[in-house]
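Trainee: Here the protein sequences line up with chains A and B, keeping their order.
Once you know that position 214 of the first sequence is 1184 in our numbering, the rest is easy, because the numbers rise by one and skip nothing.
Once you know that position 28 of the second sequence is 55 in our numbering, the rest is easy, because the numbers rise by one and skip nothing.
No wet-lab data here; the hints were simulated from the structure.
In this text, a Cβ means the ideal position worked out from N, Cα and C, and glycines have one as well.
Careful: at least some of the hints might be erroneous.
Stated by the list, open to error - Below, simulated BS3-like cross-link-like pairs (lysine-lysine); rule was C-alpha separation at most 27 angstroms, straight line: (1) B:Lys128 to B:Lys48; (2) A:Lys1167 to B:Lys306; (3) A:Lys1169 to B:Lys188; (4) A:Lys1169 to B:Lys306.
To be verified - Pairwise CB distance ranges, derived in the manner of DEER restraints: (5) A:Leu1110 to B:Pro203: 55 to 61 angstroms; (6) A:Ala1219 to B:Asp255: 53 to 59 angstroms; (7) B:His68 to A:Val1242: 22 to 28 angstroms; (8) B:Ile38 to A:Thr1138: 28 to 34 angstroms; (9) B:Asp58 to A:Arg1047: 35 to 41 angstroms; (10) A:Asp1178 to B:Met28: 22 to 28 angstroms; (11) B:Asn34 to A:Leu1184: 23 to 29 angstroms; (12) B:Thr36 to A:Leu1191: 31 to 37 angstroms.
Claimed, not checked - Stretch-level coverage of chain A by chain B, calculated; a stretch enters the list once three of its residues show a Cβ under 8 angstroms from a Cβ in chain B: (13) 979-988; (14) 1163-1177; (15) 1196-1204.
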Amino acid sequence: MRDVTMGQYYPVKSPIHRLDPRIKLMATVIYIVMLFFIPTLSNYLSRGGNFDGYLLLAGAGYAIITLFLLVVILLSRVPLGKVLKSIKAIIYLITFTAVLSLFFYGGGDDVHLIFKWKFLSLSQESIVTATAMALRLIYLVIGPSMLTFTTTPVEITDALERLLKPLTLIKFPVHTLAMIMSIALRMIPSLMEETDKIKNAQKARCADFESGNLIKRAKALLPILVPLFISAFRRAEDLALAMDSRCYAGAKGRTRMKVLKIRFADIFGFLVVVAVFLSILILRYDWFGVASQILAFIL
Amino acid sequence: MPIVLQNLTYIYSPGTPFERKALDDITFTIDDGDFFGIIGHTGSGKSTLISHFNGLTKLMSGKLTVDEFDLSKKYDYKSLRSRVGMVFQYPEYQLFDETVKKDVGFGPRNLGLADDEIEFRVKEAIELVGLNYYEIAERSPFELSGGQMRRVALAGVLAMKPKILVLDEPTAGLDPRGKREILSLIRSIKKECPTIIMISHNMDEIAENCNKIAVLSEGKLKGVFRPDELFRQTELIKSLNMELPTVTYLATQLNARGYDIDKGITDVDVLVKEIARIKGVE
């Protein structure tokens, strides 16, 4: 049961763990955006680029991001194996997408064809596209996983509440939303533990969750789900009472015990992310002609 | 046949920062007909230990045999689990079905028994836990009182006719009367199910019922004792942050104040007789 939590907080001390959660949250958003600034091959070609140009652009782009990720992972002291494990959840999606684009990349007549059989074809273009797609999916998962590996859910919610604060001006209930989120996050391990307990109790009565067809298995879950729901409601009621009796009244007049402070390292970390983003932009839009000069130099 | 543990070791999340040794080289034997107590403070490994007995926790290292089942080899888990009934803490939280009858019948149904056999066992089990079958069978388990729910949950395990019953703090969260009732119920079950293993934090319950007691601390076995042996060791009890049974506490206090009374007494009748003896009244 515990294996499903992808990117569960990894409790070690590291410079990445110490970074301000707001910085890490913003950095993650920027990171995701920049992944999409590396264009796909067909998009690049349709804007008048050529295949070799794309190889350079995408190659350099992914190299920069890989380097950035590696530095983050090494600094965070989360074992590489643990990080790679977070891909396991979407391994089928990645394989499916990669295989599809590997054999069904059309691309017209001027592709560097390797072989063709009926509607299936394999070309240099399709290999590049499939690789780029798989890489993008993998990096899309690893990046946010690094956030959750190095930041506790409480910190993330805190950061979110702080970052969304401007929205209170338009009467958006930011605090309530953050509170709901942190309670929900807080409840996940408790409910998992509860599920384990109930599952064991029913297994002790010879319940079988593993065999049978889909309908039979879904039915077999009932002896777990009913007690789980009952206990979730009981917990929720207890929690509401406990909060009430400690005079919880929402955001009004509430102060923080731990106030987030930006340190020099936070600014530095953020600047690094921005620099990486800029280098991707420079590559993509050929600012200052950097990309084309490198290309001309190599060719 | 007995339960034999040899060098049982269990480690949670090996190879991660969460790694923790829950059981460390445990060796002992539980004989047929034992009322076997397991004590130790929270996190000492008691629950992990008992979850080995019916195969809920897979053997990591060491050997474990339960009756004819060798848990280090392949075995039929359904027959093991019907042999070893397990009642967890707050078992009433595992109730789920529409009626008491259906819920108690869950175990027997999973064993694939015939309908009339299930019906018979359910009735027997409900009566065994001291409830009125005709009154309760068709009611929803969720409209019963806490004590009744616990009995129904217990019946749900007994309906599988186990020969070994494992109880994890069976009296937790009950009022004094409920505690007494459940314990006398457990004693009466012993006729049907001769071997009983019980985890408890209440030393009175342990002293009163168990003939052998295993003491766990931080995953290690401190020893297996008879009650009068164990509660004589005031230092060990103190080091484990546990209390003496009320009767033994009184005997110890009398002994310390110079009265000629054995401080290992765990039986209230024996203590009464001893006091009468030194007072010279019969």
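Trainee: State for each hint whether it applies.
Mentor: Each hint tested on the structure:
In summary, the hint linking B:Lys128 to B:Lys48 is not supported, as the alpha carbons are separated by about 41 angstroms, beyond the 27 angstroms threshold. For the given pair, A:Lys1167 sits about 53 angstroms from B:Lys306 by alpha-carbon distance, which is inconsistent with the 27 angstroms threshold. For the suggested pair A:Lys1169 and B:Lys188, the alpha carbons sit about 21 angstroms apart, so the restraint of at most 27 angstroms is met. Simply put, A:Lys1169 and B:Lys306 have alpha-carbon atoms about 57 angstroms apart, too far for the 27 angstroms limit, and the pair is violated.
At about 59 angstroms, the CB distance of A:Leu1110 to B:Pro203 agrees with the hint of 55 to 61 angstroms. Taking the beta carbon of each, A:Ala1219 and B:Asp255 are about 58 angstroms apart, inside 53 to 59 angstroms as hinted. Take B:His68 and A:Val1242: their Cβ atoms lie about 48 angstroms apart, and the range 22 to 28 angstroms is violated. Range check, B:Ile38 to A:Thr1138: Cβ separation about 48 angstroms, and the 28 to 34 angstroms hint is violated.
At about 50 angstroms, the CB distance of B:Asp58 to A:Arg1047 disagrees with the hint of 35 to 41 angstroms. Under the hint 22 to 28 angstroms, the C-beta atoms of A:Asp1178 and B:Met28, about 26 angstroms apart, fit the expected range. Under the hint 23 to 29 angstroms, the C-beta atoms of B:Asn34 and A:Leu1184, about 42 angstroms apart, miss the expected range. Between B:Thr36 and A:Leu1191 the Cβ separation comes to about 33 angstroms, which falls inside the hinted range of 31 to 37 angstroms.
With 3 residues bearing a CB less than 8 angstroms from a CB of chain B, the segment 979-988 of chain A meets the requirement of three and the coverage assertion stands. Given as covered by chain B, the segment 1163-1177 of chain A passes the check, having 10 residues with a CB less than 8 angstroms from a CB of that chain where 3 are the minimum. Coverage of a stretch by a chain is defined here by at least three residues with a beta carbon nearer than 8 angstroms to that chain's beta carbons; for the segment 1196-1204 of chain A and chain B the count is 4, and the condition holds.
When held up to the earlier numbered hints, the structure conflicts with 1, 2, 4, 7, 8, 9, 11 and fits the remainder.
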